[in-house]
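Going left to right, the sequence shown walks through residues 78 to 814 as this note's numbering numbers them.
Just so you know, the hints here were simulated from the structure itself, not pulled from any lab data. Heads up, a few of these hints could be off.
Unchecked claim - Straight-line alpha carbon distances no greater than 30 angstroms define the calculated DSSO-like cross-link-like pairs of lysine-lysine that follow:
1. Lys500 x Lys782
2. Lys679 x Lys709
3. Lys500 x Lys407
Unchecked claim - DEER-style ranges, computed between Cβ atoms:
4. Asp326 x Gly264: 34 to 44 angstroms
5. Ala573 x Gly714: 21 to 31 angstroms
6. Ala567 x Pro535: 42 to 52 angstroms
7. Ala564 x Arg685: 43 to 53 angstroms
8. Gly714 x Glu460: 30 to 40 angstroms
9. Asp191 x Val291: 49 to 59 angstroms
10. Asp409 x Ser224: 24 to 34 angstroms
11. Arg426 x Glu460: 33 to 43 angstroms
12. Glu804 x Gly621: 45 to 55 angstroms
13. Ser224 x Arg426: 48 to 58 angstroms
14. Ser282 x Thr432: 46 to 56 angstroms
Bear in mind the structure is a predicted one, so any value in this text is a computation, not a measurement. Where is the CB? At the ideal position from N, CA and C, for every residue including glycine.
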Amino acid sequence: MVQGYVSWTRVLVRRATPFAVIAAVFAVQALATAPPVIAFPLYLAVVLVVALQQDLAESLAVAAAGAVALVIQADDLAPDILLGAVLIGVALSMGWLTVRARAANLLTQRRIDDLTAAAQELRTTFESVDVGLGLSDFDGRFVQVNSALARLVGRAQDSLVGAGVAEIADGEDREAIVDALEMLRRGDVSRWRGLLTHGRTLSVSLARVPDRQVLVVQAGDATDEVRANALRDCAAAVHQIVLDSAGVDQAMPALLEAFRHHLGWTATRYWSSRAIAVTERNELVTRVWQSGVLAAEVQAEHSSVAVPVIDAGEVAGVIELTANETKALKDDDVAMLTMAGVEIGQFRRRSEITTALRRSEADHRAIFERSPIGIARIGGDGELVEANPALLHMLEHDAETMRNTAWPDMMRAYDQAATRHGKAMFLAGITDGSSVQVRAATGGGKWLWLQLTATSIPDANGRPEHVLLMIEDVTAVRETSDKLAEALEAQRAAIANLEKHDQTKSEFLSIVSHEFRTALTGIQGFSELIRDGGLEPDEVRAYGGYIFNDADRVNRLIGDMLDLDRMESGRMTMRATDVDINDILMESIARASSSTVTVEFKSDLDPRLPIVAGDRDRLIQVISNLVNNAVKYSPEGGTVTLTSRVEGRYALVSVTDTGLGIPADEIGHVFERFRRVRSGAAQSIPGTGLGLTIVKQIVEMHGGKIWVESAVGHGSSFHFTIPLAPEGAAALHLRHG
């Protein structure tokens, strides 16, 4: 309460004092009878003091009191009123200015307080962060540092202030910092970063503060970063060495140097044999050979680690790294070293396979070059890729002439010989290693007999990629064997002809007499009925038709025998033209359908079947004969199916029935002359046994082949091939290629 009273008294005294001064000046002026203008400066001084120290109301009150004092003693009222107004105006002006000044003062104080708090917070943060921070002037001397930076460089915080920034580095790194400071001062760069050594590896960054000659220094422990970079660089170096090297033996010195250089090991060694490790009593390496897992030994002054080289799941070697210091391995060290061991093991396996392939290729090349037998490698489209020296020497050609002239002639000769022997042509997919013999002229004009053995070489997908052709000169053997064969064949032919003629004579007489007798019996019987008369016109026409059919049967028999005789004597010729097999098949179906209703005809024809080269009339004879046989041996209501498709360079035609079928022991004889199935219901079906013989001769004269598939009770399928016309075969080859 006493304190409040004292405070109130002080306020009262402060507020009353200006009025007391005004009163005192007024009294002095009155006693001295001085004019008011003399006292005006004193009143003005009091008003200014009050306006600067107290609020606007008080300064106005004091100014009003002074103005009243001036007016009371005025001799001339107007000037004194003006002086009083000046006092009041000064009070108003100074009071307003004082209010503004106090507000500005308050705002400034608040800003100062905020800046002080921010500075304190910044200093707290500056000191509390784990990153080393400091401020430096342009001369490179620390102005301020935090405790983290002091700990990183191993100095007291106070001793760093004023010290040079370059002192945080050792050796050559100091020169790097000096150069960086110079570039920052000149403005060449605004920021610099580098790795320095000061007992440990530090990451140091210097940054220039804009518009101020101050540098921010930041430092951190870069040991983990350097180690991670070293692991990454080591892995990249191992990968690059593996890519650039031909084998493990060549790459291993570089690999060991990469481990030593990038990872900081003192020495490295590669153990290629477990026996050596056991002999030298290296327990760590021996243990890794046994377990296949990376292992390490860390001692006070020595460290070592053994890394297994894994090849197909097995330990193929061990890389040992040693250091004359303590080097503890972390998880990423183990992961990188393990992966490197696996990569080196895979590289070892690849290099071994590559070496084996190269050795095998060299061996095969030596066989190819030095073989006494001629060898040619043919591409998939028939071109000669290469010929070995033995072949070029045998045919007396150089490689170019062999490729452009001799080889095309030889391929044509191969196809002709293969066709004669019923084998596939050269480009029809050789896989069985079959051989043919052809005649070929040498560059010197001699004629040789060559035995050609072709075998296809598939690609990775199993498709024929090349054909390997083995060519042997068998001229001497062929000439000798030909002479022997001719003698034996002449003897054998004479015996066979005698036997054949005897058998044929018997079969011919038996079949012809039976067929002729059957036909003549019918002709004779129906003729007698007509001769005796007493027949109706319809009966005469019917009997005349029977006579005509029997006569036609005799005529066909005679025609078949004449055709067979012309074929065997070589007097029958083929008029080769372009023929549409599908057209002949449809024509045969139409003709057979119009003459019988006992079977159903079906067709499965390839609409893209190319044109074939053949005698149309003879091919009609072949298909008609096969269709008539199918109808003849099929039961009523049976089915006859005609199909066509492409088979290599041939057109394949099939005639299938659902008839009686052929016994297995007779299938091989169906194409022999006068040979007919003599079992079961087939015995009652008429025929001479010449039709299939003529069909086989015609097909083979076209360069094709014919065969039959059959089972008793399940019908028969007759298949034959006809070569495609050259244009169609070429187009088909390109399409398939």
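- Query: Among all the numbered hints in the text so far, which are the ones the structure does not match?
  - Reply: 3, 4, 5, 8 and 9
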